[in-house]
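Asks: So the sequences go chain by chain: A and B.
Oh and the first sequence: position 60 is 60 in this note's numbering, straight run, nothing missing.
Oh and the second sequence: position 40 is 374 in this note's numbering, straight run, nothing missing.
Worth double-checking, as some hints may not be accurate.
Said to hold, decoys possible - Covered, in the sense of this in silico footprint (three residues per stretch, anywhere, with C-beta under 8 Å from a C-beta of chain B), are these stretches of chain A:
hint, segment
1, 115-123
2, 164-173
3, 177-190
4, 309-322
What the hints contain is simulated information worked out from the structure, not anything from laboratory work.
For each residue, glycine too, the CB sits at the ideal point set by N, CA and C.
So you can see what is in the structure, the chains are spelled out below.
Number of protein chains: 2
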Amino acid sequence: MNPVLIEVTRGSIVESQHRGAFCVVDTQRNVVACQGDINTPVFPRSSIKAIQALPMMESGAADTYGFSDEEIALACSSHNGEIVHVGVAQAMLNKLGLSKDMLQCGSHWPMSEEAGRHLAMEGETPCSLHNNCSGKHSGFLAYLKKEKIMPTGYGQPDHMLQKKIRDALEDVCEIDLSTAPIGIDGCDIPTWAIPLKNLALGFAKYSQPDLFFAPERTKAIRRITQSVFAHPYMVAGKDRYDTRLMEAFPGRIFSKVGAEGVFCAFIPERGLGIAVKCDDGTLRGAEIMLSLVLEDLGIFTKEDFDKAGILDLLIHPLKNRNGVHVGDIRRATT
Amino acid sequence: MNPVLIEVTRGSIVESQHRGAFCVVDTQRNVVACQGDINTPVFPRSSIKAIQALPMMESGAADTYGFSDEEIALACSSHNGEIVHVGVAQAMLNKLGLSKDMLQCGSHWPMSEEAGRHLAMEGETPCSLHNNCSGKHSGFLAYLKKEKIMPTGYGQPDHMLQKKIRDALEDVCEIDLSTAPIGIDGCDIPTWAIPLKNLALGFAKYSQPDLFFAPERTKAIRRITQSVFAHPYMVAGKDRYDTRLMEAFPGRIFSKVGAEGVFCAFIPERGLGIAVKCDDGTLRGAEIMLSLVLEDLGIFTKEDFDKAGILDLLIHPLKNRNGVHVGDIRRATT
Numbered sequence: 001m002n003p004v005l006i007e008v009t010r011g012s013i014v015e016s017q018h019r020g021a022f023c024v025v026d027t028q029r030n031v032v033a034c035q036g037d038i039n040t041p042v043f044p045r046s047s048i049k050a051i052q053a054l055p056m057m058e059s060g061a062a063d064t065y066g067f068s069d070e071e072i073a074l075a076c077s078s079h080n081g082e083i084v085h086v087g088v089a090q091a092m093l094n095k096l097g098l099s100k101d102m103l104q105c106g107s108h109w110p111m112s113e114e115a116g117r118h119l120a121m122e123g124e125t126p127c128s129l130h131n132n133c134s135g136k137h138s139g140f141l142a143y144l145k146k147e148k149i150m151p152t153g154y155g156q157p158d159h160m161l162q163k164k165i166r167d168a169l170e171d172v173c174e175i176d177l178s179t180a181p182i183g184i185d186g187c188d189i190p191t192w193a194i195p196l197k198n199l200a201l202g203f204a205k206y207s208q209p210d211l212f213f214a215p216e217r218t219k220a221i222r223r224i225t226q227s228v229f230a231h232p233y234m235v236a237g238k239d240r241y242d243t244r245l246m247e248a249f250p251g252r253i254f255s256k257v258g259a260e261g262v263f264c265a266f267i268p269e270r271g272l273g274i275a276v277k278c279d280d281g282t283l284r285g286a287e288i289m290l291s292l293v294l295e296d297l298g299i300f301t302k303e304d305f306d307k308a309g310i311l312d313l314l315i316h317p318l319k320n321r322n323g324v325h326v327g328d329i330r331r332a333t334t
Numbered sequence: 335m336n337p338v339l340i341e342v343t344r345g346s347i348v349e350s351q352h353r354g355a356f357c358v359v360d361t362q363r364n365v366v367a368c369q370g371d372i373n374t375p376v377f378p379r380s381s382i383k384a385i386q387a388l389p390m391m392e393s394g395a396a397d398t399y400g401f402s403d404e405e406i407a408l409a410c411s412s413h414n415g416e417i418v419h420v421g422v423a424q425a426m427l428n429k430l431g432l433s434k435d436m437l438q439c440g441s442h443w444p445m446s447e448e449a450g451r452h453l454a455m456e457g458e459t460p461c462s463l464h465n466n467c468s469g470k471h472s473g474f475l476a477y478l479k480k481e482k483i484m485p486t487g488y489g490q491p492d493h494m495l496q497k498k499i500r501d502a503l504e505d506v507c508e509i510d511l512s513t514a515p516i517g518i519d520g521c522d523i524p525t526w527a528i529p530l531k532n533l534a535l536g537f538a539k540y541s542q543p544d545l546f547f548a549p550e551r552t553k554a555i556r557r558i559t560q561s562v563f564a565h566p567y568m569v570a571g572k573d574r575y576d577t578r579l580m581e582a583f584p585g586r587i588f589s590k591v592g593a594e595g596v597f598c599a600f601i602p603e604r605g606l607g608i609a610v611k612c613d614d615g616t617l618r619g620a621e622i623m624l625s626l627v628l629e630d631l632g633i634f635t636k637e638d639f640d641k642a643g644i645l646d647l648l649i650h651p652l653k654n655r656n657g658v659h660v661g662d663i664r665r666a667t668t
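Hey, can you work out the whole structure from these sequences and the hints?
Replies: Here is the structure:
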């Protein structure tokens with residue numbers, strides 16, 4: 001059973017708590033830190049979008065269609081559905097000469113409630129471009145067009161695209177997924193369950209790709225990393241953990257959330273990959289868990305968080321409707 | 335440590351899980367069912383609004399100002415901030431001749447994202463009336479006006495109103511709160527921590543108040559219960575658990591959510607009080623926990639849920655953006 005890593009306080013007591021597990025792996029494939037179960041497969045969900053983007057990069061589609069760094073970053077995003085995100089997704093489709101109707105991700109009101117209210121104020125309703133995965137799916141379409149593959153059913157596990165993604169996951173995470181548990185993700189594509197240990201290893205390899213991969217994959221990973229580092233706002237958006245963390249420490253950490261309390265991250269300067277899963281699937285738990293791992297590894301101290309203006313990502317103050325400080329989400333002390 | 339009561343599945347595996355505790359007490363003060371820790375105090379938060387409404391009822395304020403059943407139900411609510419809720423809160427203030435500026439609950443965008451978008455569409459921003467606690471606070475103001483008590487600082491623990499509420503909690507839940515942990519709630523009033531056992535007892539007593547209370551308190555509890563049963567939409571709103579459950583089984587269950595995964599409920603026909611707390615504070619966990627307690631007690635069978643069109647409150651299907659069924663929130667099987 002995974003330990004309590006996070007407590008949510010109110011007044012003098014712990015009101016709620018979050019259990020979870022994490023794993024940190026280095027480029028020698030050593031587990032350098034972990035807590036909890038790192039061997040049972042978990043669904044990485046959107047935390048591996050930077051791996052799901054490999055077919056788009058390696059096929060040459062991103063170059064053929066002239067995708068900018070911003071657009072490549074959006075292909076790795078779970079974005080807020082803000083005007084700027086929707087615009088970049090539309091620009092990707094324009095470069096492909098494709099309609100948004102080709103996106104098979106479905107639609108939903110923007111992940112950002114504020115963005116949703118802005119949309120409503122304009123008298124509009126959401127379309128597939130507002131789906132937090134629209135950048136990823138636009139990248140999928142780029143790959144399919146470049147490779148002249150029929151997009152019909154591109155979200156099915158046996159479609160060429162998903163097989164290509166599975167191959168990439170197997171190579172990066174060093175795991176056989178042929179018998180792995182499989183689920184359907186929110187945007188209607190497969191998600192294969194992978195142990196935290198393998199996810200952390202995969203992203204350790206992302207931190208220094210030339211040590212592990214052939215030149216083409218190394219080049220693709222470097223371009224993805226550089227794009228995300230240059231445009232962290234594209235990866236999430238206003239008030240979002242990944243964006244704030246990567247903006248605060250430019251080029252020093254790559255982090256990506258996945259639904260149900262997952263994070264994958266890597267630290268280029270240290271050659272470390274990190275994977276986190278909060279047992280109950282809660283975002284607030286997973287966020288503070290990742291921050292604590294970063295603090296414990298000595299990558300960013302509490303002072304670093306504070307100086308960068310993101311101390312609330314490490315010790316999250318809870319304020320009530322009148323702005324009164326009523327408790328904190330923080331490291332479990334009990 | 336509390337057991338895993340709920341699992342969230344995706345494909346063939348459990349993706350996330352929720353631990354928690356619950357207690358069911360009858361009118362003989364017997365614990366008739368429980369799991370987990372029922373003795374450590376937890377903050378009941380908004381789950382006890384039907385107790386916090388006692389001063390308004392017992393002072394005669396509700397009658398003096400001519401509050402309708404709808405308005406009394408709103409005084410016990412954590413409402414969605416829909417137009418209908420805001421209108422009833424405004425009507426209460428109109429009857430008191432008071433401005434919404436008197437409400438000390440603060441403001442926030444409506445709890446219902448849809449209601450928030452409607453508000454934005456009208457070019458408006460939220461005020462204190464949209465706060466999910468505006469009905470409760472309007473009830474507070476009614477009591478204060480009736481008793482000619484200065485409203486200044488009415489949310490402070492040492493204010494007459496909060497002392498009155500604490501007295502009521504002590505009487506109903508049979509607990510000394512003088513040394514209980516205290517926290518500040520979202521709407522800037524005190525919340526005292528109370529064990530699930532005492533909360534369940536308190537609501538068992540609510541189910542048959544004449545067995546326990548003097549005529550005045552009995553009458554107040556009966557009027558509150560009757561008001562909520564008559565207007566379950568006032569207590570929460572569209573697509574909300576409490577509203578849907580109480581609309582499905584009219585007069586047969588009273589249930590009220592509190593923040594951080596708490597529910598209090600009672601069953602008049604069986605003389606049972608129920609209290610639930612989900613460890614991680616997750617609403618989705620607490621909702622299914624309460625439904626499972628109802629099923630296990632034989633109060634409502636799975637068929638009853640199904641026939642009433644609320645089977646999703648017992649086994650909650652997870653659908654992705656394309657409407658595909660990808661998993662369930664349900665009773666833990668492992």
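Asks: Now tell me if each hint is right for this structure.
Replies: Taking the hints in turn, this is what the structure says about them:
{"no.": "1", "hint": "115-123", "in the structure": "holds (count 7)"}
{"no.": "2", "hint": "164-173", "in the structure": "violated (count 0)"}
{"no.": "3", "hint": "177-190", "in the structure": "holds (count 8)"}
{"no.": "4", "hint": "309-322", "in the structure": "holds (count 3)"}
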